[in-house]
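Visitor: The listed protein sequences derive, respectively, from chains V and Y. Note that my numbering has the first sequence beginning at 3, numbered continuously upward. Note that my numbering has the second sequence beginning at 996, numbered continuously upward.
Careful: at least some of the hints might be erroneous.
[Said to hold, decoys possible] Straight-line C-alpha distance at most 30 Å; calculated DSSO-like pairs for lysine-lysine:
no. : chain 1 : residue 1 : chain 2 : residue 2
1   : Y       : Lys1368   : V       : Lys178
2   : V       : Lys178    : V       : Lys102
3   : V       : Lys84     : Y       : Lys1545
4   : V       : Lys84     : Y       : Lys1368
5   : Y       : Lys1433   : Y       : Lys1542
6   : Y       : Lys1433   : Y       : Lys1513
7   : Y       : Lys1516   : Y       : Lys1433
8   : V       : Lys136    : V       : Lys158
9   : Y       : Lys1166   : Y       : Lys1262
10  : V       : Lys84     : V       : Lys102
11  : Y       : Lys1433   : Y       : Lys1368
12  : Y       : Lys1368   : V       : Lys102
13  : V       : Lys113    : Y       : Lys1368
14  : Y       : Lys1190   : Y       : Lys1166
15  : Y       : Lys1166   : Y       : Lys1272
16  : Y       : Lys1326   : V       : Lys84
Please keep in mind that the hints were generated in silico from the structure rather than gathered at the bench.
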Amino acid sequence: MAFERDLNLEATELRLGLPGTQESRSNKRSLPDMNIVDDQGHRSGSSRVISNASDATKSEEETTPPSKTQVVGWPPIRSYRKNSLQAKKSEAEASGIYVKVSMDGAPYLRKIHLNIYNDYPELLKALEDMFKFKVGEYSESEGYNGSEFVPTYEDKDGDWMLVGDVPWEMFITSCKRLRVMKGSEARGLGCAV
Amino acid sequence: MRQDLTVQQMSEDDDRSPPLDLRCGAAPSINRARNCSGEAVSGSGSSTSSSIPASVPVTVTEYQSQYPDQVLEIVLENVLQFLTSRRDRNAASLVCKSWWRAEALTRSELFIGNCYAVSPDRARGRFRRVRSVVLKGKPRFADFNLMPPDWGAHFGPWVCVLANAYPWLEKVYLKRMSITDDDLALLAESFSGFKELTLVCCEGFGTCGLAFIASKCRQLRVLDLIETEVTDDEVDWISLFPEGETCLESLIFDCVDCAINFEALEKLVARSPFLRKLRLNRHVSIRQLYRLMVRAPQLTHLGTGKYGPSEVAQRQGDTEPDYIAAFAACKSLVCLSGFREITPDYLSAIYPVCANLTSLNFSYATITADQLKPVICNCHKLQIFWALDSICDEGLQAVAATCKELRELRVFPMNAQEDVEGPVSEVGLQAISEGCRKLQSILYFCQRMTNAAVIAMSSNCLELEVFRLCIMGRHRPDHATGEPMDEGFGAIVRNCRKLTRLAVSGLLTDRAFGYIGKYGKLIRTLSVAFAGDSDMGLKYVLEGCPKLQKLEIRDSPFGDAALRSGLHHYYNMRFLWMSSCRLTRQGCQEIAQAMPRLVVEVIRSDDEEETDNYVETLYMYRSLEGPRHDAPKFVTILR
Chain V
3 MAFERDLNLE
13 ATELRLGLPG
23 TQESRSNKRS
33 LPDMNIVDDQ
43 GHRSGSSRVI
53 SNASDATKSE
63 EETTPPSKTQ
73 VVGWPPIRSY
83 RKNSLQAKKS
93 EAEASGIYVK
103 VSMDGAPYLR
113 KIHLNIYNDY
123 PELLKALEDM
133 FKFKVGEYSE
143 SEGYNGSEFV
153 PTYEDKDGDW
163 MLVGDVPWEM
173 FITSCKRLRV
183 MKGSEARGLG
193 CAV
Chain Y
996 MRQDLTVQQM
1006 SEDDDRSPPL
1016 DLRCGAAPSI
1026 NRARNCSGEA
1036 VSGSGSSTSS
1046 SIPASVPVTV
1056 TEYQSQYPDQ
1066 VLEIVLENVL
1076 QFLTSRRDRN
1086 AASLVCKSWW
1096 RAEALTRSEL
1106 FIGNCYAVSP
1116 DRARGRFRRV
1126 RSVVLKGKPR
1136 FADFNLMPPD
1146 WGAHFGPWVC
1156 VLANAYPWLE
1166 KVYLKRMSIT
1176 DDDLALLAES
1186 FSGFKELTLV
1196 CCEGFGTCGL
1206 AFIASKCRQL
1216 RVLDLIETEV
1226 TDDEVDWISL
1236 FPEGETCLES
1246 LIFDCVDCAI
1256 NFEALEKLVA
1266 RSPFLRKLRL
1276 NRHVSIRQLY
1286 RLMVRAPQLT
1296 HLGTGKYGPS
1306 EVAQRQGDTE
1316 PDYIAAFAAC
1326 KSLVCLSGFR
1336 EITPDYLSAI
1346 YPVCANLTSL
1356 NFSYATITAD
1366 QLKPVICNCH
1376 KLQIFWALDS
1386 ICDEGLQAVA
1396 ATCKELRELR
1406 VFPMNAQEDV
1416 EGPVSEVGLQ
1426 AISEGCRKLQ
1436 SILYFCQRMT
1446 NAAVIAMSSN
1456 CLELEVFRLC
1466 IMGRHRPDHA
1476 TGEPMDEGFG
1486 AIVRNCRKLT
1496 RLAVSGLLTD
1506 RAFGYIGKYG
1516 KLIRTLSVAF
1526 AGDSDMGLKY
1536 VLEGCPKLQK
1546 LEIRDSPFGD
1556 AALRSGLHHY
1566 YNMRFLWMSS
1576 CRLTRQGCQE
1586 IAQAMPRLVV
1596 EVIRSDDEEE
1606 TDNYVETLYM
1616 YRSLEGPRHD
1626 APKFVTILR
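From just these sequences and the hints, can you work out the full model?
Guide: What follows is the structure in structure tokens.
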């Protein structure tokens, strides 16, 4: 739907699936050639999986996840422990213990310590080496216009931003995870309002 | 079957006992109950006869009667005082009536594994001189939101009876019970010699309740709150401990997530010379920790609060206290925990105590392998280690290299999701199995695993009693071969001859359950989730595991036929939990009708009527009391 494409909801969408999974609008199942995690061809973990009654061979209900847990009570961690960790996790990731980096099309997540980089050029170089891509010039007004791939990140508030939009110091304390998106999908991100 | 025994079937040898009034001059302070009024713990059959109240207690020197049975009973009671194991006591109580009586009078520790298996009155009726009570309520799966709130397990009815029956009660241990502030108030007022209160995974009360305990239990030695929810009533309970020297030996409140009056805590610690165990909550800063440690260098168990500098202190550039010296001064420290909101730099402060540590809990500390290594390489005596998977396989390798005395390992996930890349894997498990040969208990969360690593652990760690592996992705096969995880778990039950507790995960077929049934002869607790192909899986277990007491299953394709195959065994079990399986109401009903002493609860997740033919949750347990009267409306008890 053109309307949704213009708003670029997909770029700001919170996703749980393996990086690079294509989600067609009508069916949230992954492509069959992505990493299959069980032999039933049933990839658990896609976001907003609800009405897959035809596929489901299991009897449990998958409820709409308002949070990241999709199945009630699984994995079996007491909420007391989970809650203690939640606060810790965002703190840990914000303080740069590690952040996850995904890239559209690549099957594996990586983890990096933001603290070991001193500025954006170093970080971008590291990303380029890690994922074997080239990123274009960054400009405030145009973002990474012209690049095939665009580095983005999710901040403490859950918003997806362009890497480079905020000063470096603020970036390393607020960045929770990184995602290298296809250039076409990143349009509209981080545009100055 | 032991459960079929009633009092009448026991030996009749005490028919020659003298009438009650003649006994009055004989025995030392004994309350005589001529008939039993039911058996509290092991589930034997009961009669409904009442008990005849006590004779006048006198000392042995006034003994006049010459009845030989009298002597025997006195001797028996004196001997039984030394019998502490409840299983031994249960056995002794079945020998004959007089042994039953003697045992009932000398049992001072009452253990009730399911608060609904027996009523408070029945327990009180049999055991007259109890000093310590252990009471357990909800089943474990309730911890994971699989049971709606307000299901039950109320402490209220128990505390009322205990208050009347046992004025000398000293210890109460509650697990997964629902407790109110009023309950705690009654507890605090009723027992003048009350010494120990331990609450594990409980809820329903707040700091108000704690205030009652602190202020009224003047002999309190232990107040341990472990993974218990405590609401913040904004009551300064710490200030309410009695003035002057206290008897406190253990104060554990890390789960009480409320700000506390630190000055009061510091004074409390200063006037508690017997304090050995102290676990703080995250509202206590590291500077405050320092002050406490300086006052209590005799501590053996310490749980830190927030383990890192506050922003205020950093900005002010205050000189830091000498944390290393504080730790070094605690020469008796053997157990460390806490480390909330950790700043890893400060870990070096604990180096002086590492060599003596037997227990280290880093499960709230987000540290990496590199941050762990300098600590763990000194922990040669470590027996218990809990950590987050942020330490990665590499961190586990470091543990394996040093901690040769390790008995218990728990690795928790930082990221409790399913489809993420996990930092620990079969590599870590293999390393632990090779390095820690004395391992007895393991809980391991991971995203991927191989049969090979699990098999390695089964042959390297022959002392294993508890094996709990949680592969977080449901139905995940062996990462390397794509096969089910059957062979791995099969090897565990086959090789680990001491195994009593098992939790399985990953892709599992009925074959895995076949192995469990065939080899798991000592297993008492089994947890199953998202596993198995058919009814056969459950049948293998119910038919094969004679010691099975607690069976909890979720989201597995086991149905009514499988349920029926356990009829011969359910009276030997504490409970069976099955949620999101293939049970029908009809099938559950059949069980309820076949077994009158089983309470068969069908639990819905909310008020909606069951639309499905399948029962959402079945929770059934043996009980002497029949259906409970406090069941909420989302619970249906089948008859």
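Visitor: Tell me, which hint numbers fail for this structure?
Guide: 16
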